[in-house]
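J.: So the protein lines, in turn, are chains A and B. Under the working numbering, think of the first position of the first sequence as 1, with each following residue one higher. Under the working numbering, think of the first position of the second sequence as 1, with each following residue one higher.
Worth flagging that the hints you see were computed from the coordinates, not collected in a lab. Keep in mind that the hints are not guaranteed to be accurate.
Stated by the list, open to error - Examples of chain B residues lying across from chain A (beta carbon under 7 Å, computed):
(1) V57
(2) N61
(3) Y142
(4) L154
(5) Q157
(6) E158
Where is the CB? At the ideal position from N, CA and C, for every residue including glycine.
Number of protein chains: 2
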Amino acid sequence: MSNGKNGLTKWTQYPNIVRLMKLHEKPINTISDVWDIYREDFKRVEAQIIEDLDSEVSLINDVGYHLLKGGGKRFRPLLMILCSRLCNYHGADDIILASVVEFIHIATLLHDDVVDEADVRRGQPAARSIWGNQASILVGDYVYSKALYKAVTLRNQEVNEILSTTTKKMSEGELLQLSKTADTNITEEEYLKIIDSKTATLIAATCRLAGVISDAAEEAKNSLTRIGWNIGMAFQLADDTLDYTATKERLGKTLGKDLSEGKITLPLLHLLKNCSNDEQPLIHRIIKEGDIKNEDLEFIQALFKKYNSINYSLTKAKGYIKTAKQELSDYEDSTAKQALIAVANYAITRDL
Amino acid sequence: MSNGKNGLTKWTQYPNIVRLMKLHEKPINTISDVWDIYREDFKRVEAQIIEDLDSEVSLINDVGYHLLKGGGKRFRPLLMILCSRLCNYHGADDIILASVVEFIHIATLLHDDVVDEADVRRGQPAARSIWGNQASILVGDYVYSKALYKAVTLRNQEVNEILSTTTKKMSEGELLQLSKTADTNITEEEYLKIIDSKTATLIAATCRLAGVISDAAEEAKNSLTRIGWNIGMAFQLADDTLDYTATKERLGKTLGKDLSEGKITLPLLHLLKNCSNDEQPLIHRIIKEGDIKNEDLEFIQALFKKYNSINYSLTKAKGYIKTAKQELSDYEDSTAKQALIAVANYAITRDL
Numbered sequence: 001m002s003n004g005k006n007g008l009t010k011w012t013q014y015p016n017i018v019r020l021m022k023l024h025e026k027p028i029n030t031i032s033d034v035w036d037i038y039r040e041d042f043k044r045v046e047a048q049i050i051e052d053l054d055s056e057v058s059l060i061n062d063v064g065y066h067l068l069k070g071g072g073k074r075f076r077p078l079l080m081i082l083c084s085r086l087c088n089y090h091g092a093d094d095i096i097l098a099s100v101v102e103f104i105h106i107a108t109l110l111h112d113d114v115v116d117e118a119d120v121r122r123g124q125p126a127a128r129s130i131w132g133n134q135a136s137i138l139v140g141d142y143v144y145s146k147a148l149y150k151a152v153t154l155r156n157q158e159v160n161e162i163l164s165t166t167t168k169k170m171s172e173g174e175l176l177q178l179s180k181t182a183d184t185n186i187t188e189e190e191y192l193k194i195i196d197s198k199t200a201t202l203i204a205a206t207c208r209l210a211g212v213i214s215d216a217a218e219e220a221k222n223s224l225t226r227i228g229w230n231i232g233m234a235f236q237l238a239d240d241t242l243d244y245t246a247t248k249e250r251l252g253k254t255l256g257k258d259l260s261e262g263k264i265t266l267p268l269l270h271l272l273k274n275c276s277n278d279e280q281p282l283i284h285r286i287i288k289e290g291d292i293k294n295e296d297l298e299f300i301q302a303l304f305k306k307y308n309s310i311n312y313s314l315t316k317a318k319g320y321i322k323t324a325k326q327e328l329s330d331y332e333d334s335t336a337k338q339a340l341i342a343v344a345n346y347a348i349t350r351d352l
Numbered sequence: 001m002s003n004g005k006n007g008l009t010k011w012t013q014y015p016n017i018v019r020l021m022k023l024h025e026k027p028i029n030t031i032s033d034v035w036d037i038y039r040e041d042f043k044r045v046e047a048q049i050i051e052d053l054d055s056e057v058s059l060i061n062d063v064g065y066h067l068l069k070g071g072g073k074r075f076r077p078l079l080m081i082l083c084s085r086l087c088n089y090h091g092a093d094d095i096i097l098a099s100v101v102e103f104i105h106i107a108t109l110l111h112d113d114v115v116d117e118a119d120v121r122r123g124q125p126a127a128r129s130i131w132g133n134q135a136s137i138l139v140g141d142y143v144y145s146k147a148l149y150k151a152v153t154l155r156n157q158e159v160n161e162i163l164s165t166t167t168k169k170m171s172e173g174e175l176l177q178l179s180k181t182a183d184t185n186i187t188e189e190e191y192l193k194i195i196d197s198k199t200a201t202l203i204a205a206t207c208r209l210a211g212v213i214s215d216a217a218e219e220a221k222n223s224l225t226r227i228g229w230n231i232g233m234a235f236q237l238a239d240d241t242l243d244y245t246a247t248k249e250r251l252g253k254t255l256g257k258d259l260s261e262g263k264i265t266l267p268l269l270h271l272l273k274n275c276s277n278d279e280q281p282l283i284h285r286i287i288k289e290g291d292i293k294n295e296d297l298e299f300i301q302a303l304f305k306k307y308n309s310i311n312y313s314l315t316k317a318k319g320y321i322k323t324a325k326q327e328l329s330d331y332e333d334s335t336a337k338q339a340l341i342a343v344a345n346y347a348i349t350r351d352l
């Protein structure tokens, strides 16, 4: 069996896969196209998530149902499925791990909402708004422990190592972020370390895990990790930018949420570095105050425009996506590859 | 090599162990005697805990140092060491796992304090009183993920299975407890299920893990699990009783803390079942109110005396210890066995 670059199998050698590709000969441009093609896989992921959330403790089911209803992009399961296809994986562990990585993500959201005192998540009331902080903390713990419990059932040491390293790094990132709250001296390097830890690491791990269950070569696993990491960095950078630019309808988010939580993300960091000496104390005051008024947000947004801070962040995000796509360009052409390129583009545009 | 009951090796066959036993020929009556004998092991455990808490994120070190300074009984590490000695284990994994189980315990304490809005832990300000709920939640997550990270480094599937099953069950227990807050209809069966999940499971797992790293036979591992589980049930029952009887100096606890948090433990459950129709609504009012005044607590304590509720709980606790000691009685005599009996007695008396 001949292999493409990085030890990944050439798709074209599998007639049934070629047939599947032919079924989807129309170009894959958007993430909606990707959802269309892999609809059956995603149905299996959703079924797995529902099964894994089921518990004899009714409070878990209540919160779980609320989280499922709230939707979410299932961005990590999506990458798990696509990278598994890229590796020509034919087993069932990808579905289990898709649920595992989504659970780890959901656990962090539940705890983040308590930490950030957030009332809204994905345009719906946050779980803590309905069941209180106590339930959010404990269901978060449950969801996280259930994720690791499911992962352990795969009896794969490498899977356990990746997940335990990842979750440790994620919680370190959350704590680093907390310790830098409203700290106007935060450097770009520290900011990048935070988004690496809290977001890119899990997305990189997701892609790597697809390689692990596929018995891919070390080089291939490293390549998948780089693809995931770069997409993850861009994804969080775009999120931090959209916090200042997106409409509520589009992302179900409150504009300026990071600012009101004292989270200094790249646009603000860029602004602090480039603004005039007169503007600096005004920005500092807004950051320290916490209670952000409409005029404060408009003031910051005007300065973003003046100093091109949003563009600076988006250019940085595009750079990561460019790197991810360069890595992907070395792979044989396939439906999965095209889908991953569409997902990479989506990470920064969020266009459906 | 001949084995004692349950596949555990007879201590008497190891001259160096017999020598160690001879060094400690004076009877082991109290937990202080146990600390004396195993001082070197506990030093290694403390060093391991300090090493594992170390992080490049300074907030983790600050909270970690506070937790270490606060002490704690190290009850789970103690059982890990003693059960390892009982199994004649000579490797280094017992020290690592002693730190792991203590970390899992510390993580639950950090989250419990936020859930219970507790200000004091072990007579010291709770971490959340100093660094806030945010840090307590996130350091809890870190400590938990670090525990599993360390456990995974042992590359032992059985260890991972035990720990992931245990932590899942623990968080289910915490949620069951939360959902039964101030619920005067809670049954004794439900109460026992809560203390099984939130406390006995981890202590049972600790003792089982000692068997796992010792390559003990399945029967021996099951025996160790029963010893740990029964000690764990008694330990929590005693805790729930001491909440109404201990002095602040003795346990560093606030009297009636469970009552003010709406936690209906066995003494209260027994009282609700046995009190008169006149007393019932008064007790219900106190439970529902949450803000417990001194006279409320004194009223409840007087009723406990009237209906013998404290004794009922302690008798139940003693029953579990009796079972644990019966299980231990089948083992060959050894220092570790004597120490475990002393620890079992301590679990209900808390006499140093």
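J.: Would the stated hint for Y142/B survive a check requiring a Cβ distance to chain A of less than 7 Å?
T.: holds (4 Å)
J.: Tell me if the interface restraint on L154/B is satisfied: Cβ within less than 7 Å of some Cβ in chain A.
T.: L154/B check fails; min Cβ-Cβ to chain A is 10 Å, beyond 7 Å.
J.: Quick one, is the Q157/B hint okay against chain A at 7 Å, beta carbons?
T.: OK, holds: Q157/B within 7 Å of chain A, min 6 Å.
J.: A closest beta-carbon separation below 7 Å is what the hint needs, so does N61/B meet it against chain A?
T.: N61/B check fails; min Cβ-Cβ to chain A is 10 Å, beyond 7 Å.
J.: Double-check V57/B for me: the hint is only fine if its C-beta lies closer than 7 Å to a C-beta in chain A.
T.: holds (5 Å)
J.: Is the interface hint satisfied for E158/B? The criterion is a beta-carbon contact with chain A at less than 7 Å.
T.: violated (10 Å)
The structure shown violates the earlier hints numbered 2, 4, 6.
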